[in-house]
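J.: Residues -8 to 178 (the working numbering) make up the sequence shown, in order.
I should point out that these hints are in silico values taken from the structure, not numbers from a laboratory.
Among the hints, a few may not be true.
As the list claims (entries may be wrong) - Straight-line Cα separation of at most 30 Å, DSS-like style, residue types lysine-lysine; simulated pairs: (1) LYS128 <-> LYS36; (2) LYS128 <-> LYS74; (3) LYS36 <-> LYS74.
Unchecked claim - Simulated DEER-style distance windows between Cβ atoms: (4) LEU49 <-> GLU143: 24 to 34 Å; (5) PHE152 <-> GLY0: 32 to 42 Å; (6) GLU33 <-> ASP138: 30 to 40 Å; (7) GLN170 <-> VAL146: 29 to 39 Å.
Backbone N, C-alpha and C fix where the C-beta goes; we use that ideal spot for every residue, glycine too.
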Amino acid sequence: MVGLSGNLGFTHDPVVVFEAARLLRDDQDIHFLLSGWGIGFERLKEMQSEAGLPNVSLVERVPDENLEAFLSAANVWVVPYRKNVAGVSVPSRFYNLLAVGRPVILVSEPEAEAALTVAENNLGWVVRPGMADELAKAIRAASVSADSSMTERAVQVAGNFVRDRAMTRYSGLVAELLQGNELERLS
């Protein structure tokens, strides 16, 4: 099961996911569970209405109280970004997916923060934006991957992004910046 979930807005490219589903429509072992809201989700509904792909199921926005169970339902999740959004947007859904221990296929420039996290920690695959054929190839690879340690690594890495750790890092950064300003003022 390949999942897509969340607010599909300006920075996202859900069309690349649908086109990958179209390329994989004859693969009986791969099914797409697409959920969300926003202009991109409306586009997915239009595309599915026209194409009627048998390997695609669309689900309206999942309530927050059911989100953890829903995110646990897919074997791999796709986070599809458009080209040229590295540094503009960080996919918040990415951190939810890590917390439930799911591998990720990130459609993104390789220098984006989430892409670096995926690559450095072997949490899934990074695919160039707009490349449905590369995304389909990564989905096929994920469908036969026997690397169950990705789940453990994802949960471990998610711990780096919990509120307490983030606040500690932010306060350290602010203190460092303030100290730097104080040193400049004194010199």
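J.: Please check whether PHE152 and GLY0 have a Cβ separation lying inside 32 to 42 Å.
T.: violated (21 Å)
J.: When you check the alpha-carbon spacing of LYS128 and LYS36, does it fall within 30 Å?
T.: Distance ~24 Å between LYS128 and LYS36 Cα, so the pair holds.
J.: Do the Cβ positions of LEU49 and GLU143 conform to the proposed distance bound of 24 to 34 Å?
T.: holds (31 Å)
J.: CB of GLU33 to CB of ASP138, is that within 30 to 40 Å?
T.: holds (35 Å)
J.: Please verify whether LYS128 and LYS74 have alpha carbons no more than 30 Å apart.
T.: Given that 30 Å is the threshold and the Cα spacing comes to 19 Å, the pair holds.
J.: Next pair to validate is LYS36 with LYS74; report whether the Cα-Cα distance is within 30 Å.
T.: holds (22 Å)
J.: Could you see if the CB distance from GLN170 to VAL146 stays within 29 to 39 Å?
T.: Cβ of GLN170 to Cβ of VAL146: about 35 Å, so the range 29 to 39 Å holds.
Checked against the numbered hints given earlier, this structure breaks only hint 5.
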